[in-house]
Structures are given as structure tokens and as C-alpha cells.
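J.: Chain C is already provided as a structure; the job is to place chain Y on it using the hints.
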Amino acid sequence: MLDLFRAIGEIFTAESTYINGALFAGLLIFAATGEWVAERAGTLNISVEGMLLAGAFTSAVAYDQTSSVALGLLAGVVGGMIVAGVQAEMSHRLAADQFVVGLTLNILVFGLTGFLDREIAPATKIASTFDVPLLSDLPLIGQALFGQPWPFYLLYPLLPFSWWLMYRTRWGLEVRAVGEDPQPADVSGIKVNLRRRQSIYYAGMTSGLGGAFLIFVQVGRFEDSIVGGRGFIAIAAVIFGGWTLWGTVGGCVVFAGALSFRLSVQGLGYQLNSEMLQSLPFVVTLVGMAIFAHRVRPPGALARPFVRGLT
Amino acid sequence: MNTPVDSSTGVGATAPTPAVELTGITKRYGAVVACDDVGLTLHRGRIHGILGENGAGKSTLMKILIGLVLPDAGSIEVDGARCTIHDPIEAARLGIGMVHQHFSLINALTVWENVALGDAGRLDPQAVRQRIGEISDQYGLVIEPDARVGDLTAGLRQRVEIIKCLRRDPSIVVFDEPTSVLTPDESAQLFESLRHVVTAENRAVVLVSHKLDEVLNSTDEVTIMRQGRVVDRRPTAGTDARTLATAMVGRQVSLRTERAALGVIAVDDLTEIGDSGVAEVDASVEPALSIRGATVIGAGGVRLLDDLTLDVRPGEIVGVAGVEGNGQRALGDLLSSLVSLDTGTVTAGGRQVAAGRPGAMSRAGIAVIPEDRHDSGVVLDMSVAENLVLVNQRRVSRHGVIDQAALRDFALRMIADFDIQCAGPDAPMWSLSGGNQQRVVLARELADDPAVLVAAQPTRGLDVGAIEYMTERLRLAAASGVGVLLISSELEEILDVATRVVVLHQGRVVGEMAHHELDLERLGLLMGGAAA
Numbered sequence: 045m046l047d048l049f050r051a052i053g054e055i056f057t058a059e060s061t062y063i064n065g066a067l068f069a070g071l072l073i074f075a076a077t078g079e080w081v082a083e084r085a086g087t088l089n090i091s092v093e094g095m096l097l098a099g100a101f102t103s104a105v106a107y108d109q110t111s112s113v114a115l116g117l118l119a120g121v122v123g124g125m126i127v128a129g130v131q132a133e134m135s136h137r138l139a140a141d142q143f144v145v146g147l148t149l150n151i152l153v154f155g156l157t158g159f160l161d162r163e164i165a166p167a168t169k170i171a172s173t174f175d176v177p178l179l180s181d182l183p184l185i186g187q188a189l190f191g192q193p194w195p196f197y198l199l200y201p202l203l204p205f206s207w208w209l210m211y212r213t214r215w216g217l218e219v220r221a222v223g224e225d226p227q228p229a230d231v232s233g234i235k236v237n238l239r240r241r242q243s244i245y246y247a248g249m250t251s252g253l254g255g256a257f258l259i260f261v262q263v264g265r266f267e268d269s270i271v272g273g274r275g276f277i278a279i280a281a282v283i284f285g286g287w288t289l290w291g292t293v294g295g296c297v298v299f300a301g302a303l304s305f306r307l308s309v310q311g312l313g314y315q316l317n318s319e320m321l322q323s324l325p326f327v328v329t330l331v332g333m334a335i336f337a338h339r340v341r342p343p344g345a346l347a348r349p350f351v352r353g354l355t
Numbered sequence: 285m286n287t288p289v290d291s292s293t294g295v296g297a298t299a300p301t302p303a304v305e306l307t308g309i310t311k312r313y314g315a316v317v318a319c320d321d322v323g324l325t326l327h328r329g330r331i332h333g334i335l336g337e338n339g340a341g342k343s344t345l346m347k348i349l350i351g352l353v354l355p356d357a358g359s360i361e362v363d364g365a366r367c368t369i370h371d372p373i374e375a376a377r378l379g380i381g382m383v384h385q386h387f388s389l390i391n392a393l394t395v396w397e398n399v400a401l402g403d404a405g406r407l408d409p410q411a412v413r414q415r416i417g418e419i420s421d422q423y424g425l426v427i428e429p430d431a432r433v434g435d436l437t438a439g440l441r442q443r444v445e446i447i448k449c450l451r452r453d454p455s456i457v458v459f460d461e462p463t464s465v466l467t468p469d470e471s472a473q474l475f476e477s478l479r480h481v482v483t484a485e486n487r488a489v490v491l492v493s494h495k496l497d498e499v500l501n502s503t504d505e506v507t508i509m510r511q512g513r514v515v516d517r518r519p520t521a522g523t524d525a526r527t528l529a530t531a532m533v534g535r536q537v538s539l540r541t542e543r544a545a546l547g548v549i550a551v552d553d554l555t556e557i558g559d560s561g562v563a564e565v566d567a568s569v570e571p572a573l574s575i576r577g578a579t580v581i582g583a584g585g586v587r588l589l590d591d592l593t594l595d596v597r598p599g600e601i602v603g604v605a606g607v608e609g610n611g612q613r614a615l616g617d618l619l620s621s622l623v624s625l626d627t628g629t630v631t632a633g634g635r636q637v638a639a640g641r642p643g644a645m646s647r648a649g650i651a652v653i654p655e656d657r658h659d660s661g662v663v664l665d666m667s668v669a670e671n672l673v674l675v676n677q678r679r680v681s682r683h684g685v686i687d688q689a690a691l692r693d694f695a696l697r698m699i700a701d702f703d704i705q706c707a708g709p710d711a712p713m714w715s716l717s718g719g720n721q722q723r724v725v726l727a728r729e730l731a732d733d734p735a736v737l738v739a740a741q742p743t744r745g746l747d748v749g750a751i752e753y754m755t756e757r758l759r760l761a762a763a764s765g766v767g768v769l770l771i772s773s774e775l776e777e778i779l780d781v782a783t784r785v786v787v788l789h790q791g792r793v794v795g796e797m798a799h800h801e802l803d804l805e806r807l808g809l810l811m812g813g814a815a816a
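As you go down the protein sequences, you meet chains C and Y in turn.
Here the first sequence is numbered in the working numbering, starting from 45 and rising by one per residue.
Here the second sequence is numbered in the working numbering, starting from 285 and rising by one per residue.
Isolated chain Y (complex conformation):
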């Protein structure tokens, strides 16, 4: 079993037995094929990138490798031995560990308790703390074992995640979208320790990502997935962003928005900042929305918003940049009337709005595209028409009774205006794709001619075409005189459309730049909390 395999298998001709060999992996969920005859070969001492858009099947493939999902067909060989992996404990026994994007740490528990989770045998806090110390020293990942995970920053939480994975000394490590919640600085640090894990200790590493520059800069070879299939695999050296992006999307990538969505704002693109497609608005214009000294204190005394002051003027797009978890959600909730203020005021159209009173923001002309579409944007089991009038039924009702004909007319008009792909006004919301669901939300929010449009993570989970459409709509809204507030954790998206950027850190606005004074380095520093 341990005899070297000849060059007919594996990518590298001189490679010994691959650490992992996946062949013909197929997984179906109902009619959807998440993985279709996928093969993957991993070698020790190398970083293998898996690149693909959301929904390309990367996550499913990794869940199969880690034992969270059982494949319908295909085989898994670890160090040349065929095996079936039923759960993460079994994967750990085979030497496979995963650093999860999220979902793996429990905020209410301490660092050491989290690290100990999933082990077997007697619980020995002292031994766990000591092991954490050893790993901290070895990789330079300093952490306080008795800190509560919920109190840590995203970067530190990821550190815990890595320690949790490395403590079992896995020979194969999967990093799943590791930089999605990190500042650029933290990302750089991460890749440094990642390189060390690979070269100094001869492990096989998988880097799952949808960011091209990340894959280009840190992997040895790359597999590209699209719609559940492997479309290309090649050594990273000698390829470039354009080739990878084309393979990933399946057509020529030319539009700026698309590249932004894919994370291809590489250094050579920086010169392109300077055209957001929307003119900057003079600071003397009366703001459509004005937030003054807003403070929201959450559970446990945490300041979700801390003396936040922000203006949005008609016709401008204000981008709120920042690492996730720095008050973006609270800001969105505030403008959706979901939370009330402990101190501060919100003024719209010159009048103060009662924060936290249900519907008050919406009546004041503030429309919101909420962060989580399924959670608070649409009701999946109701029809498209019903979803279109969820916020305001006045136009289709009389004395509280809905006029079915008027509802239908209104829905048909919206479906046409916003080009919503669906079977008709009566189609249930769940039958629509994510992009079309988002169009329903957009149509509904814009239907009442709002003065302010708040878009919270409006392109999350959407494909390239849908992102392009959303960005264009935001521009159109601004052009028609709506003040747009774009809250996004995708910096590229903000750079692309915002006329003014404010940076949020720990619930405060820590910096502000007009579009013409944008400076990526300063932005990065501000996002990381450094005074700049």
C-alpha cells in the first residue's frame, strides 16, 4: 500500500502516494447536483487552491472530506488506503482537520473549552491549556485560553479556530474561506502561518476561496469548480487572474463590477478608482438622513453602536466599510426600526424619527434592503405579489381589505419593471432564485419613492449577473435623487459604487473619505482599528 505510485496518477509526476485522492465524488440534493463526478488530488508540502463562485460545490466537497456529508458516489483514499468518512471524529483519526469559515466555535464558551470540544476521554483543562500554549509558541498564535470566545475579535476567533484544528496535529488541513471576516493585515498574517504549516511540517493544505488574488498569491496548484464540476486544474505559477476568472465564471470577464465581485481588485487595478459612475454631492446639501450620536447598548453592556454620526444626502451613495461585526448589523437594524437608541437621534427629511417604533423609519421614507433576505427580507411561503406589498398595503387595499385585482396589477407592473424572473404574481417566493428574490425586495422598497435607500449586504450570496444588476440599480436610485446608504463587508463593492466612504470600527465612524480621496492603505488601517 505504501509503495510509490507511478506517474499515471496524481498531478505531479514525481509525487509519492498522494495524501488524499478523491475520485468521482457525486452528491445530489433532490434535483440539484452539488458535486458531479469531482476528482481532487492533494500532496504533502503543497497548498492546493479550490476556486469557485458561491454554489460551485466547493463547500460540499470539503464537507464530504471532513465527514459532515456522505457522498452518493465516488471514492476517498487517504494515504493510498480507501476509506469512508462518516463524521468529523473519524476524519480527525485519519489526520484530516478543517479550519471553518464560521460555525465551529461556540461564543458562550471559553477558548480552551472550545478547543477541547470534539475530543474524547477525560476532560483535563490543564492539559488543554498547556497544549494551547505549545501551539501558540510554535506558530506565533498568541491567545488567552480562559477568554470567552464571544469577546474576541474576528481575527482572534480565527486564531482559536486554527489552534483547534492544529492541536490534533492533522496531516491534511482544509482552510474554508479563511479571510472572509479578516482585515487585510490579519489575512497577511494568516497566510504567513499557513505557509509555515505547509513547508516546515510537510502537511497537505487546501485553501477554499472565491478570491482570485488570494489563490494566486498563496497556492501551488489550483482546481477550479463551476456548477458542481471541476472545469480546470493547473499549477498556480504561470497562470493569471484573468484566466482563472474566466474559468470560474465560464465566460469572458470584462465588466468592472464582475471583477470587483470576484475580488480581482489587484494592485494594478487601483488606478481605476476614481469613477464610481455617480457624481459626488456637495457637503452643503441638506441631508436626507442624519444620524447624530447614535448609541445602542446590547446584551451584556456591549456598545453595538457607539456615538455614531452619519449623514446621507440626496443623490449620493455612502458606503459603510468595515470588518464584519463592527456595528453594521446594528446600523441596519436601527434604520429598519428594529432597535431603539440609548442616546442620539435619527432625522429624516428634517424631522426626528422615533427610533425603534415599528414602521417609523419606513413611514419617514427610509427603505431598507435587509442584510438577511430569508430572515427579514421576504416570507418564503407567501407569493411574489404578497411579498411585494408586505411593507405597504395601502395602494392595493381599501378599508383594510386587499383588492385582489389591484394587487395583481401592481405585482405584474413590478415584475415587468424589475425584470423579475418568476412564474407569475402567484408564484411562491421560494421558487425564485436568490437574485430574483432580491429583486422583489428591491422593487418593494423602491415602489414608495423613498428618500433614503439602505442596502445592507445587498449582493451577498448572489451570482455575478445579479450583483451587476443590483449595483446598477443603486446607481440609478442615486441618480434619481435618492440618498443611498450601502452597508457592505465587501470592500470592492463599496469602492465600486460609493461616492463617499465611511469606515465603521467597534460601532463608531472612525474615518471618512470622499471618493476622490480614497486611499486603500488608509482604509485598511482604519478597518483594522488603527488610528489614521
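If we strip away everything but chain C, and leave its shape as in the complex, we get:
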């Protein structure tokens, strides 16, 4: 028993736990921020998994061709937005079922990137590290938050920007309106399905960045299992956070903590059943959902398609 406490203590005082945690959280936050915007507009966008994977692949290929991380990030955005385009046009122009579209997209992107990876085999590496002066010297969290490869720092402007976009601009007001109740929004003269498509493109953009983050910050090379279901954890984080941005970020941190804990246990040489450890983050996600899912109110029109004129 004492050993267990000592082990947990060791895990929580190890800098690597926080560094890994920040990396996991970074990926989840990129994906979940866009997912949050899409869900506030009324789409339960399950193709976020595919957006991450597509973004990772296109950024890897772009880096392979140009050796530029910046262009790689840009290509990641494009990759995520291509998936977003299919999801958006299919579900909010052609009124196809958003889950069927999302599910199909996830499978399609998985197969396609796996195949192309074998054909192209893009060579990539982690981007150069940038230590923020002073802040990176903070104990425990300094390296985790301020001593990362430079694309990590895109997170810091992304969050306040997304908040400002949703709560301080007309676009954000209209996005929230169409997600709550599209009928009155339409009557007020808002183009409901246009706003919904745009919000999915925003999710594609942030998830594409998330995919590039995997390549340039966390993993260093593309493989088809690189995302491994974490897009779905991002969806859970939005629900866990009660469809608020800061709650969503909190959800990402909690789930990332579980992912990182798993890694630290192994890294510090403790013997625990590895299958059980693998499942830990998902168990935490499930427990989190069980506790929080019924306490929060989702956007009123979440996952409900809107067709004009049906009243």
C-alpha cells in the first residue's frame, strides 16, 4: 500500500508527467475547441477523428516536400478542412445524416491515409524547441507549458480567439443561435445552414492544426494509428465541459492527465497490466461522462438537421 502511495507521489512529482500531459492536452484542446464551435452550431461532429488524421497526413507530406514546418502546419489546416468540407456540404447542404457521414469519413480517411502513407512514406521530424525565457524555468510545469516545440504555442492565442469569436462577434452570436433553435434564427434572417457549415470548417481548421501538432510536436512521424480514438475523447471533453469553452479545456486536461498517467507508470518502471493501463483514459472518459453528461444542457438543436420551411 505504501509502495502505491510512493509510486503515485513519484508520478506526480516527475516533470515528464507534466510534459506528456501538456502534449496530450494540447492535441485534445486543438480538436475540442473546433468541435465545441461545431457543436454550439448544432452539429455533433464525429468526423473530428478523421480531421485529425487527415491533418496529420497532409502536414507530414507538406513537410516532406518543403522541409518547412510552417507550410506543414498550413497543409494540416487544409487537410482538416477537406474533411470538414465533405462533412459540412453533405450534412448541411444535402441534408444527409451527420452521423452516417461522419462515420463514413472516419473510415475513409483511415484507409486512405494508411494506403498513401505506404506509397509516399513522408519523412518528418519534431519541430525545434523554443524555451520561453524565465517561464520555462518554473518548477514542474515550466518545461511542460513553456519549453515545447514552437507549434505548441499556437494553443495560447487559439483559445482566447475562439472565445472572442463566439461571444463577442456577430458571427458567434449567430452560430450560437442556430445551434439553440434554428427556426427563429431563420425567421430573423440568419442563414442557418451556412453558419453551420462555417462552424464545421472552423472545426476542420483547428483539428487540422491538431493533426500537424501530432507530427511536429508530439510524435515526429506519421502512422495510421497516430490519432487512435483521441478525436472521440475530444468530443467527450466538449460534453464533459458542458458545452462551455473553459469547461471543455478542463475536460481535455483531465483526460490528458489520464493518458499521461498511463505513460508515466510505464516510464518509471512500475509493473501494471498494460492492457488495463491502455484502457485507463477511456475509462476515465466514461466515468466523466456518466457523472457530467446529464447535469449539463446541450445546445437545443444539437444533431438536428434544419430544412427551411418545415414548421
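Simulated from the structure, these hints should not be mistaken for laboratory data.
Misleading hints may appear alongside valid ones.
[As the list claims (entries may be wrong)] Computed Cβ-Cβ distance ranges for the label pairs, DEER-style:
(1) C:PHE336 with Y:VAL426: 35 to 41 Å
(2) C:PRO204 with Y:MET666: 50 to 56 Å
(3) C:ARG348 with Y:LEU804: 37 to 43 Å
(4) Y:ASP524 with C:THR213: 53 to 59 Å
Owing to the predicted nature of the structure, the values given are computational and were not obtained by experimental measurement.
For every residue, glycine included, the Cβ atom is placed at its ideal position computed from N, Cα and C.
T.: For chain Y alone, kept in the frame of chain C given last:
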């Protein structure tokens, strides 16, 4: 373009260019003609009433004017200039605004956010709040800009709706059934500000309504629509309720129920209260249904029902009056086993019923005609016969297998008994008219000889004939010893058949009157939440 038009156009001979002139407007939905060659002329400084039953084409016509629907044929002229209106933003640019019956406010947003919806340009919360303040002062429509719309009463929500419309300073304002969710007091207030908007500021106002007294009391001229056509137009002065009602329905209106349905309980009709056609039941009779201290707490801690206590005795019709949104839906849901109680009990036939357990109420002999026919009353894509046995398949099945012949026999008998107009037992439910769909629900619910019949808004959206039939059936049910609970937002309907009236306000029973002690003024006060 701005030269005065001579008297050959327009209603008033001395009128200048009309604010709006609609000519030959036609709109078809498949085989249904919603508007058929409709013309309408609106002038500044006047209130124009558009009167018609549900489905007469009033709403479609207004949706065309506001840009929500494009007409198949016809022309629209605003201030003498011909135009096509593609969406509400374009209508707003032309100076046309609409105060919607519902569907225009988003409950999760605040007042100012709702008011700002549909504008263009940078979002400036401070400017919007200030404009709301200005309009509040100008029209006496006081409102808190940072309140969440979902927390407001129906009257206040309508206020927001009006502010949202007036903030763009429209020269033409459409009010669509503005009083359907208001108490009599709130309605009076509304018409006061409406008159001000017209006379002091020289706007053209359209009042869409199916209530005769409203149109008679507040409009200058009236257009009457029936089945998509304009059947009559005339100055309001010099006409009376009977003439308007006859034009609206297309035949002589004589039955009391019909007048009730049309909202013609004018002051001179008040003396007629006193005969509901059903005898009052003595309070000592053992209740068939007894609700004690029922409390239902909804999302966000709102008390949907708050310590509600109510009895229904065999043979009486208890009318539940109240402004919509004061717990009627929760009460209906409770008796349909859809919600469970946080505290309190429901007792039927002397035994307590487990609230919220699926089917428990129905097994206890409580039959329900649900509020929303399409949502929870019938399955549109299933046949008439299947819909007739949705609640109870025992009589047509054996060991869980449905006996097709027995099902057919049962359906044919019900179709005959309740005079359901349909192609046969196999006809899909969607092929029936609203009135006949409601008969299917009624037949199904009465088939099991229930002890209690709950009718939630049973005549909503039905035409006059169907309303008459439904009311008669409720009376018959009561006469045969069923305890009837009629939940309705149409006060006239309740006054017409109820032997006892209870008033619901914020989930509580705030007052109760036997039929012989009915007092409209007190009813109105109770409905508005005033202690009386």
C-alpha cells in the same frame, strides 16, 4: 413613382400611394393552394385586420410579405415600387417588420442578444442595450436587456418580440396572432401600444387573427380569408361579429360551440354561461382521479408543477384554465406516465399509481388525448388500424401475435362508431385530415372504457365541425360516468363544457370555481397570477 394615385386603386378613395399593395398572390404546396389570387392593400396610419380560420392562408400570405416564402405568382409593391422579397433582411430594408406569434426568439439567449439577431455589421452590445432602453421609454415596454428570454413570462417575451421588430423602425408592421399566449390584461396593454404605433407614428399595421372581438375592437378595415381566397373586405366600423363570422366560416354560425371556437364570447354572451350541458357533480363523490401535492422539478430547477392538488370525479368535466406554459404540459405528461413526481401522489380508483413508470397511468384506467397529435398521439406512417391498437393490443392479439382478422374487425367497428373518414383500416394515418386523426386518438382512448379521460388541447388546429364533434364526445363521455379532465388554453372552450374550472398558474392550482359560480373577471385575474 411618388405621384398620388387616383381613386381607382386602393380601398380609401382619398388615400395616397398605399404602403403595400399585393396583387394576385398565389402559392401552392403540391396540390394544396395556400393562397389563391389574393390581393391586399395597406395604408399608413391604419390597422388592417386579416381574419380567417386556421389554414385559411393568412400565415402564408404574411410569410410572403416578410420574405420567408416566395409566391408562385403575383406582385408586391411597396410604396408604389414593385419588388421581390427573398428573405427577412430584404423585407427589413424595405421597412417591413413582423411581430411573430412564436418562432422568433431563442430562449437560451439574452434579451439584447435576441434583439441583435438578424442585424448586420459589428456586434456592439452597448449600442443594442441603449436602443432597447430608448424603445422601452418610447412605448412603455419596460424590459431588462440582460435577462435570459427563457426566464421571461409570455407577456414579456412578446414585449421583446415587439422591441425586436420596432428597433429597425419599420414603416409596415405585421402582428401575427399576437394575443394567443397572453392574458386578457396583457392583450389590452398590447393593443394600446399598437394604437400608439399606428397613429402617432403613421405606420401601416396588419393584425392577423382568428379572434373576432380582437379584430372588431382594434382595426380600421378588415380582409376575410377562407381556403386561401379573399372572401370579403370592408371597413370595420359598421360591421358586427355575426357578419364577420359568417364570412369567415362560409355558412351561418348558430351553434354555441362554433362561436366559442371563433372567440365570439363577447360581453353580450356572458349571460349564456350557466349551461355546460353536463350536470355538476357533488363534491362528496369519490374521485376517479386524485392528484395530491404533485411537484415536478424540471431542468434548471424550474418547478413545472408546484404542489398541485386536483380531483376529478366520475361524470364531471374539470376544465384546467390558464395561460399557456403554466404547467399544462407537465400535467398532461404526468398523466401520460411521461414524467415522474418529485413529491406528491396520483391516485386512480382508490389505488396509488406509480408516476413515470411507462404505461402505469394507462393501466390504471387513465386515457389521454395528448397535446401534440403528431408528436405523441399517432404514428403518421402506420395504418389507421395499427394506430387504433397502439396503446393496447391485447384485444386483437394472442400470445403476442396480432390476429389480423380481429384487428380489421376492431378497426372497422371503431371507424363506424366514431365516423372516421378514411379509405379503410389500412389507410395510412397521414392520409387523414387533422379532425379525423383526432377521432382515431379519441376512439383508441375510449375503447378501453377508461375511468378518466384527459384531453390536452383536444381541439387545437381543428376546424369548426371537428371542434363541435370533439366537444360533444367529451360531454357524452362525462354523461356515461367518465371523469373528464380538459386541459385547454382556449378559455371559451373550457367555459363551454366544463362543470368545474380550476386555474393553473406557475404549476399551481390558484383558484377553483364550480360552473354556477363562474366569474370571468376573477378568472382573468387568476390566470394573470393576481391573487383573487
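J.: Next step is simple, just say for each hint if it's right about the structure.
T.: Cross-check of the supplied hints:
1. C:PHE336 with Y:VAL426: 35 to 41 Å: About 38 Å separates the Cβ atoms of C:PHE336 and Y:VAL426, which means 35 to 41 Å holds.
2. C:PRO204 with Y:MET666: 50 to 56 Å: Since the Cβ atoms of C:PRO204 and Y:MET666 sit about 53 Å apart, the hinted range of 50 to 56 Å holds.
3. C:ARG348 with Y:LEU804: 37 to 43 Å: Holds - the Cβ-Cβ distance for C:ARG348 and Y:LEU804, about 42 Å, lies within 37 to 43 Å.
4. Y:ASP524 with C:THR213: 53 to 59 Å: holds, 55 Å
Violation of the numbered hints given earlier is absent; every hint is satisfied by the structure.
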